[in-house]
Amino acid sequence: MQFFKNITVKQGILTTLLVFCSVISIVFVHHNEQFYDRPIAEVIKADVAESEPMTDMYDNDDYLFTQHLTAVIKNGQYKGQSIQLTNDYSSSGAFDQEYHVGNEIFVSINNQATPSVLTGSILDLKRDQTIIIIAWIFIFGLLIIGKRQGLFSIVSLVVNALILSFALDLYVEHGSLSLLLIIGVCVLLFTIISLLLISGLNTKTYAAIISTLLGTVIALIISSVVMWITGENGLRYEEMQFLTRPYRTIFMAGLFIGSLGAVMDVSITMASSIFALYEQDPTISVKALKSSGVEIGRDIMGTITSILFFAYLCGSIPMVILYLKNSSPLGLTLSLNLSLELARALAGGIGVVLTIPISQYTALFFINRKRVKA
Amino acid sequence: MNVIVLLAVILCILMVIVGGKQGVRSFISLFLNFGVLFVTIFLMTNPKNSPIILTFIACTVISCISLFYINKTNSKTITAFISTMVTIVVLLLFITFVTKKSMIQGFGEESTEEISIFSLYIGVNFVQIGASVIIMSTIGAIMDVAISIATSMHEIFYRNPSISRKKLFTSGLSIGRDILGTDTNTLFFAFFGGYLSLLIWFKDLSYSIGEIVNSKVFSAEMMTIFCAGIGIALIIPIASSVNAYYLVKTREKTE
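In the order they appear, the protein sequences are chains A and B.
So for the first sequence, my numbering puts the first residue at 1; every next one is plus one.
So for the second sequence, my numbering puts the first residue at 1001; every next one is plus one.
In case anyone wonders, no lab produced these hints; they're calculated from the structure.
All C-beta atoms in this analysis are idealised placements derived from N, C-alpha and C, irrespective of residue type, glycine included.
Please note: incorrect hints may appear among the correct ones.
What the hints assert, rightly or not - Heads up, simulated DSSO-like pairs for lysine-lysine below, C-alpha to C-alpha not over 27 angstroms straight-line:
no.: 1; chain 1: B; residue 1: K1253; chain 2: A; residue 2: K287
no.: 2; chain 1: A; residue 1: K373; chain 2: A; residue 2: K290
no.: 3; chain 1: B; residue 1: K1101; chain 2: A; residue 2: K45
no.: 4; chain 1: A; residue 1: K10; chain 2: B; residue 2: K1166
no.: 5; chain 1: A; residue 1: K79; chain 2: B; residue 2: K1101
no.: 6; chain 1: B; residue 1: K1167; chain 2: B; residue 2: K1253
Stated by the list, open to error - Computed far set for chain B versus chain A, every beta-carbon distance over 12 angstroms:
no.: 7; residue: M1001
no.: 8; residue: V1003
no.: 9; residue: N1033
no.: 10; residue: F1056
no.: 11; residue: S1075
no.: 12; residue: V1089
no.: 13; residue: L1092
no.: 14; residue: K1100
no.: 15; residue: S1164
no.: 16; residue: K1167
no.: 17; residue: T1186
no.: 18; residue: L1196
So that you can see chain A by itself, here it is in the shape it has in the complex (with noise of 0.2 angstroms):
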């Protein structure tokens, strides 16, 4: 019951308010099947027809099956008819899947002469219902533990997603705009957004935005340097995913966004250190200030480019096991998959070390102006 008291009235009504909307659009996303283009269709009955074991050229066993779906149809002209699908899977599931009663699915319905039975093939499940769910968990969760900073972190997630995804609008229209010089512009605006949403409108806010941005255009200066030294030796961009561009410009621009965040994990921790040491003790010596952010430095250099690191390379790790299961060479496996994430993850691990020192000086020189003013 303490618990209960302790909510506030206006906390009381933004709970309520949020449980109402996650309430409305998780029924919405479970009626919104008329608005869709695309005809979808609910499994009612799933019949597992044949199932045979199969060994492939490498001699990898799997077993494939095939299912007898009768689904109805929840939109468009054949709204309420029944359809008969086949679904073909394997039990590993690389490119399909197993349909249970209750999914709904995208189909494309076969023209046929009798109208009577309808069949069609399967295109893909409709997958909004769980994203939704899952959402609200993460905002929920978010909320909860995290409170003010949960909430900001939320609005400063979905912001910068519209900022990139404005950017990228405006990168497609103008095919004139380079890449790099929008990209620039949205870290500009990340930093200074992100940051202000972390640490609030004050002084130690505004050395870590210049600390982040300028560790961000080193570490970016060094790789393409690097990358221009080296003449791009080692770097296999065949297995680059999802191109329809140039992917130099992409993997140079991913870089430069990706490795951000670290930089500006790095640069508003020393700078709340630094700052937090000097109102503790405003006559602190500019030695001891120094000394203790070379030791505040040292213990999130490690956990920071690991946090880095994991989140580049374990994207390929279905990729590499598909290579390494169809016999490729180990050696071009890694190369062809890894290379570029490695570049990435290591790239940014060098933005984040330079941005200690960086961020160091910087908080010192705002202190040492503080000083001077009063």
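Take the given structure of chain A and dock chain B to it, following the hints.
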């Protein structure tokens, strides 16, 4: 000269200059982590091994390296280790359920072209591998929060040894909240950077919102972001309660 080698050399030199001995240890641990990751992937290619159990073991080894090797074994790193492991178990259960439900495993339609030359029926469980990918992407951030909370709570406890367990727990929560913002940011931007080509792809081929949201690749990326956020949030109360429990327990023992 190879780009990767040169970048690695630069990183190594910088880490040594800035971090001294600890910098050397950080750099070595990066290498060890890469080794663990690689061995894990290699073991995952054997269909008899469960990817989930492999992930759990890999996470244990990675946390041992990052916590005990960089920071030395002491009560701080032990509590950080326990809280990391508890969080990983909870997250693993949650994420396995999520990947199963949303069917985001394996490869999306967008990759059809490049995987067409491969045999896809390779016997490994891609649903579990999908869950492993998500959990391994966030392990770095989870450990970061765990060690920061453990360090600060120990500090608070030594400054004020008579503090009550509840107060200790709430101060742990407030430390966690301060790191929450920066760590989620680090991950969000790392993912944004990685998905840039995918986002441009969607824009270039003018996907509708409905197509984007329901596509396998995009859902998988969103799930990764959400699960990362949930993981970072989840470790805060777990680490706070583990540390509060441990610190108060040791005080009772000495009395």
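**Message:** Run through the hints listed earlier and report the numbers of any the structure violates, in increasing order.
**Reply:** Hint check: 1, 7, 8, 9, 14, 17 and 18 fail, others pass.
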